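> Mind the numbering: the sequence shown is residues 6 to 189 in the numbering used here, read in order.
It cannot be assumed that every hint is accurate.
With a straight-line cut-off of 25 angstroms between C-alpha atoms, the simulated SDA-like cross-links for lysine to any residue are [said to hold, decoys possible]:
(1) LYS175 with SER45
(2) LYS178 with VAL136
(3) LYS175 with ALA85
(4) LYS140 with LYS98
(5) LYS117 with ALA133
(6) LYS98 with GLY13
(7) LYS117 with VAL105
(8) LYS117 with GLN100
(9) LYS178 with SER41
(10) LYS98 with GLU51
(11) LYS166 with GLY145
(12) LYS19 with GLY132
(13) LYS166 with PHE40
(14) LYS19 with ALA85
Calculated from the structure, these hints are not laboratory results. Quick caveat: nothing in here was measured; it's all calculated off a predicted structure.
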Amino acid sequence: MSLRIVAGQWRGRKLAAPAGDTTRPTADRTRETLFSMLVSRIGDFEGLAVADLFAGSGALGLEALSRGAASCLFVEQYPAAVRAIRTNLANLKAQGQSDVRASSVLTLGPAKAPLDLVFLDPPYGTGAGEVALDKLRRLGWIGPGTWISLETAADEVPALKNFAVEADRKVGKARITLARLPAA
Numbered sequence: 006m007s008l009r010i011v012a013g014q015w016r017g018r019k020l021a022a023p024a025g026d027t028t029r030p031t032a033d034r035t036r037e038t039l040f041s042m043l044v045s046r047i048g049d050f051e052g053l054a055v056a057d058l059f060a061g062s063g064a065l066g067l068e069a070l071s072r073g074a075a076s077c078l079f080v081e082q083y084p085a086a087v088r089a090i091r092t093n094l095a096n097l098k099a100q101g102q103s104d105v106r107a108s109s110v111l112t113l114g115p116a117k118a119p120l121d122l123v124f125l126d127p128p129y130g131t132g133a134g135e136v137a138l139d140k141l142r143r144l145g146w147i148g149p150g151t152w153i154s155l156e157t158a159a160d161e162v163p164a165l166k167n168f169a170v171e172a173d174r175k176v177g178k179a180r181i182t183l184a185r186l187p188a189a
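Please construct the entire structure, taking both the sequences and the accompanying hints into account.
Take a look at the structure:
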């Protein structure tokens with residue numbers, strides 16, 4: 006699959022994707038729909054602190070950086086995917102805005118501050134996204150202002166306890182769920 010940045014300063018730039026089938030890169034069309042959903046809710050990405058968890062190629066975080074996000078934490082445990090992320094960051098000269106962690110999302114410790122936007126694209130059918138969200142909330146990565154994007158298979162309906170679903174849309178083989186902590 007050929008991956009490209011959809012919009013922003015790196016629009017049209019090709020991205021390296023990890024070889025093999027350990028990861029499933031978010032299709033350009035799905036990414037385009039996701040970012041359209043986000044823009045209509047949060048406006049622009051200027052200055053946002055973002056995380057791309059279960060990052061794969063890093064396409065979601067790189068798309069956010071291309072659109073003006075200040076920083077992105079990439080977390081991915083598969084070595085080939087981590088290499089693809091590092092290659093993409095080097096090609097885009099975005100290492101200074103990025104923190105790449107070659108580990109499981111579940112090994113993250115307490116956050117210094119909540120993030121503005123969290124992308125989760127876990128393996129389909131595992132429930133890993135819900136487990137990760139619960140842990141991230143407890144460790145302070147997710148605060149009252151944090152937007153969450155969870156990608157699952159189109160036929161999966163994520164069980165997001167402790168979160169309010171703001172939008173839910175099927176796009177091809179994927180389902181995009183946007184959520185936040187409920188208003189107090």
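> Now, for every hint given, state plainly whether the structure supports it.
Tested hints:
Distance check on the hinted pair: LYS175 and SER45 sit about 17 angstroms apart at the alpha-carbon level, within 25 angstroms; holds. Among the hinted pairs, LYS178 with VAL136 is consistent with the structure: their alpha-carbon atoms are about 22 angstroms apart, no more than 25 angstroms. Annotation: proposed proximity of LYS175 to ALA85 is violated, straight-line Cα distance about 29 angstroms (limit 25 angstroms). Restraint check for LYS140 and LYS98: the C-alpha separation of about 32 angstroms exceeds 25 angstroms, so the hint is violated.
Distance hint between LYS117 and ALA133 is fulfilled; the C-alpha atoms sit about 23 angstroms from each other, no more than 25 angstroms. For the hint linking LYS98 to GLY13, the alpha-carbon distance of about 15 angstroms falls within 25 angstroms, and the restraint holds. In summary, the hint linking LYS117 to VAL105 is supported, as the alpha carbons are separated by about 16 angstroms, within the 25 angstroms threshold. Taken as a hint, the LYS117 and GLN100 pair is honoured in the structure, with Cα atoms around 20 angstroms apart against an allowance of 25 angstroms.
Distance restraint check for LYS178 and SER41: the Cα-Cα separation of roughly 18 angstroms lies within the 25 angstroms cut-off, and the hinted pair is therefore satisfied. A hinted pair counts as satisfied when its Cα atoms are at most 25 angstroms apart, and LYS98 with GLU51 qualifies at roughly 18 angstroms. Our distance criterion of 25 angstroms between C-alpha atoms is met by LYS166 and GLY145, whose separation comes to about 16 angstroms. About 30 angstroms separates the Cα atoms of LYS19 and GLY132, which puts this hinted pair outside 25 angstroms; it is violated.
Restraint check: the Cα-Cα separation between LYS166 and PHE40 comes to about 24 angstroms, which is no more than 25 angstroms; the hinted pair holds. With a C-alpha separation of about 17 angstroms, the suggested pairing of LYS19 with ALA85 holds against the 25 angstroms cut-off.
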